[in-house]
Amino acid sequence: MGKVTMTVNGKSRTAEAEGRTLLVEWLREGLRLTGTHVGCDTSQCGACVVHVDGAPVKACTVLAQELDGAEVRTIEGMADADGSLGTIQQAFQDYHGLQCGFCTPGMVMSAASLLEENPKPSEAEVRHYLEGNICRCTGYHNIVKAVMAASGQEVAPVAAE
Amino acid sequence: MPKDTGIGASTPRREDVRFLTGKGRYTDDIDVAGQAHVVFLRSDVAHGRIASIDTSAAEGVEGVVRIFTSKDFEGVGGIPCGWQITSRDGEVMREPKHPILAEGKVRHVGDPIAAVVAETRAQARDAAEAIVVEIEDLPAVIDMKAALAEGAPRVHDDLPDNLCYDWGFVEENREAVDRAIAEAAHVTTLDLVNNRLVANPMEPRVAVGDYARHDGSSTLYTTSQNPHVIRLLMGAFVLGIPEHKLRVVAPDVGGGFGTKIFHYAEEAFCTFAARALERPVKWTSSRSEAFMSDAHGRDHVTRIELALDADHNFTAVRTQTLANMGAYLSTFAPSVPTWLHGTLMAGNYRTPLVYVNVKAVFTNTVPVDAYRGAGRPEATFQLERVIDKAARELGVDPVELRRRNFIREFPYQTPVAVEYDTGDYDATMDCLLEMIDRDGFPARRAESEARGKLRGLGINCYIEACGIAPSKLVGQLGARAGLYESATVRVNATGGLVVMTGSHSHGQGHETSFAQVVADMIGINEDQVEIVHGDTANTPMGMGTYGSRSLAVGGSAMVRATEKIIAKARKIAAHLMEAGEDDIELKDGKFTVMGTDKSVAWGDVTLAAYVPHNYPLEDIEPGLEETAFYDPNNFTYPSGAYACEVEVDPETGKVDVLAFAAADDFGNVVNPMIVEGQVHGGIAQGIGQALLENCAYDAEGQLLSASYMDYTMPRAHDFPMFQVDHSCRTPCTHNPLGVKGCGEAGAIGSPPSVVNAVLDALASGGHDVAHIDMPLTSGKVWAAMQGRGDK
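Protein chains in written order, with UniProt numbering: chain D, 1 to 161; chain G, 1 to 791.
Isolated chain D (complex conformation) (with noise of 0.2 Å):
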């Protein structure tokens, strides 16, 4: 056991880390910041993606004790500084890209850094860079959706009402 320091979401937080501790129970269990979820246990699902350094990451995947001084962000720092919703944020919920909003957190994560790497994604290149991310409620159809609309691209209205 020893202490674990990180910058997350802007502020410097300590806390314990057991030398198999993952970076997503010290983030749920030890900051108590559980809007970053566990979907699986092989890595599969993207529901636990926050980002190191500036990078997607699966948080099951690394160990707390190896990021002792890294910057993290999770889901929690997402929204904008007046704490409205940003504009990936906002894109989901106007295009209705979430229905239990179990995978959701991780969808914006690895949303927020596929339009880092490339601002105007075609549909193609975002349903290829969401492939590490399982939505089980959606068929991904409005996640497409408003990932493409956040991007400041034209998408079909919401409903065909």
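Since the hints were derived computationally from the structure, they do not count as laboratory data.
Worth double-checking, as some hints may not be accurate.
To spell it out: a stretch of chain G is covered by chain D in this simulated footprint if at least three of its residues, at any positions, have a beta carbon under 8 Å from a beta carbon of chain D; those stretches are [unchecked claim]:
1. 6-14
2. 26-36
3. 505-512
4. 680-690
5. 703-710
6. 713-726
List time: in silico DSS-like cross-link candidates among lysine-lysine, alpha-carbon distance up to 27 Å [claimed, not checked]:
7. Lys-71/G - Lys-97/G
8. Lys-359/G - Lys-145/G
9. Lys-359/G - Lys-472/G
10. Lys-11/D - Lys-23/G
11. Lys-590/G - Lys-564/G
12. Lys-23/G - Lys-3/D
This structure is a prediction, so every number in the text was calculated from the model and none was measured.
Backbone N, C-alpha and C fix where the C-beta goes; we use that ideal spot for every residue, glycine too.
Since the structure of chain D is provided, determine the placement of chain G on it from the hints.
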């Protein structure tokens, strides 16, 4: 013009804000002070006798609080089954005990043997690994036909064989159906498998048991679609805790798809252990554990025969199914292959004679129960596949063959008990053909062929019975529960109100759509309406959410309660304005004396109800709170037509879905955005079943697909954008909103069109393949093209 508020508006979902900012409160986010953690030691063999369990080394592991085995559960009930089926011979189904922890034998990989409670989850896991269990392996039965063979190993020693029940429906029609098939101008026969699936909501199951020493009450936080059902089953049948001493909370739940309906052993264990240890006990399933402990879905082996006369009218359907129950009966398992399946075998067609035989079979596999659609996808798949096969055999257009047999007069009494109230199958078919541009298909096929690819178009219809269900009817059919729904509307003094609903939302957006309905009825802003669900402590007894029932049943209860509120508020308004009650109308949140400019605002009336200084106390009580229980008098019958267009690579057998269109009739629609989202998700699960997903066991009963490395979950690149339409609307005639269910339609309607499309593509390449069992992986499709398919 789209509405921007109330019924019919695509109101953005209010629950999204917490989910998008990490503020959702799922069960695993709940930690109760002082909690210990439990890890279950599960069987790694499919069938065996437990010779010994040695926990001595494990008890010495740091942090261990206590280790439980079955001997700690003497006098505790088994996990109950909620539905009883009666066999053709009049015998009731066989119902073996389902203990919380395995007693004497293990019966499937994943069967829990021991439970370790420790200070931390890691310590509990360490200790579980230190338990020494000796199991004498027994031969396992996995294949259903083998399980029914004479002399097969028995899953349950106290049963004579592995048959749970042998159900015939409608038994009185059996001989007439046999005769019609014998005399038919043409009979098409199809053998098929409806593949075993795992529901896989993204949130694994979690249970936290808590016990209050000061009053002897228990609380269970759990990932459930129906907390009251869990309270009743666990309290009354397993642990013997009266309902007034038991609270069940299902907070934000990360998807259900049926698999979170059922009462599970882990819930009972955590509640039991919390009381025994007088401290909270928490269990969080891993995904691998979920694969071997969440109830699975589907797993039917079926032969269907469709009889036609010389004019291609359907004259009879006969179908025989083996339905896998797994090792124990899960909560609603017996109802799925029977009443949720046999009653749909008329489909959208005027077939006068139908006979359904289902043999339910115990095997050494995880229990099988309802998964999105539950019985109705199995019915739709076999019927819509055999119709396509018949069209091919007869050389007729599959759409025209369907149209020839469509039901066009409503209400329509089917030969399989249910009466369809409304529908317009031509309308959804017309809409579908336009959406998918069937006329343009030959040109698209030619374009694919020019690139060396095979293109296929598959079309099918579906009908389902949902909005489950009339209590009186399901009681006659063996349900051990009523299937009404409840709502309490509590209006506050300042005019805002809370709806406490027995429905449960785990992705469906009830907090938004339910508020739209009530706000619209009263004429107030949606943000003045709060929807509360998921806690037995503050909601009336409700049956929860499954079977596409929330709006049709739960919404109807809410409408009835709101009508009572409005009726009482009108009386108060009449008093305040010194007018006759019949002269008062409510519009836009204002009570007006008709024909005058005299009015009182909603808020003035609600204030008067709680500050009754000027109030008709001799006629009505103060306060404004009403409860309604709604029991429907029929199911609702959503229907539609689906189409899938695929391209098959003849070199590899790989199938690409190029287009998917769904034309649904859901009756009236409250929030089109949410409805479309439900259809998208259902389609994805249906295409997943058809092309990707398969829960596989080997012959010894080892679960081969026990993680996301082995079980193919659909991902974003597996799908095109979907085309969906719900503009064909025949409102339900018997619920106040005129709504039908939309939650399962996508999963019910989509698998046949995918398979029909692939076979159509193969046929265009000269491969006359009658059927390929799902999932249509590239290997299977390629083998079929080489003439080496299963069939």
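The hints, checked one at a time:
1. For the segment 6-14 of chain G, the proposed coverage by chain D is satisfied: 4 residues have a C-beta within less than 8 Å of a C-beta in that chain, meeting the threshold of three.
2. Counting residues of the segment 26-36 of chain G whose C-beta lies closer than 8 Å to any C-beta of chain D gives 3; at least three are required, and the coverage claim holds.
3. For the segment 505-512 of chain G, the assignment as covered by chain D holds, since 4 residues bring a beta-carbon within under 8 Å of that chain's beta-carbons and 3 suffice.
4. A stretch counts as covered by a chain when three or more of its residues have a beta carbon under 8 Å from one of that chain; for the segment 680-690 of chain G and chain D the count is 6, and the coverage holds.
5. Only when three residues or more bring their CB closer than 8 Å to a CB of chain D does the claim for the segment 703-710 of chain G stand; here the count is 3, and the claim holds.
6. Look at the segment 713-726 of chain G against chain D: 11 of its residues bring a Cβ nearer than 8 Å to a Cβ of that chain, three or more, so the hint holds.
7. Note on Lys-71/G and Lys-97/G: the hinted pairing holds, with a Cα-Cα distance of about 15 Å set against a maximum of 27 Å.
8. Between Lys-359/G and Lys-145/G the CA atoms are separated by roughly 10 Å; this keeps the pair inside 27 Å, and the hint holds.
9. Taken as a hint, the Lys-359/G and Lys-472/G pair is honoured in the structure, with Cα atoms around 25 Å apart against an allowance of 27 Å.
10. A threshold of 27 Å between alpha carbons decides the hint, and for Lys-11/D with Lys-23/G the separation of about 18 Å falls inside it, so the pair holds.
11. Taking the CA atoms of Lys-590/G and Lys-564/G, the gap is near 17 Å; set against the 27 Å cutoff, the hint holds.
12. As the CA atoms of Lys-23/G and Lys-3/D are separated by approximately 26 Å, the hinted pair is consistent with the 27 Å bound.
In summary, this structure violates none of the numbered hints.
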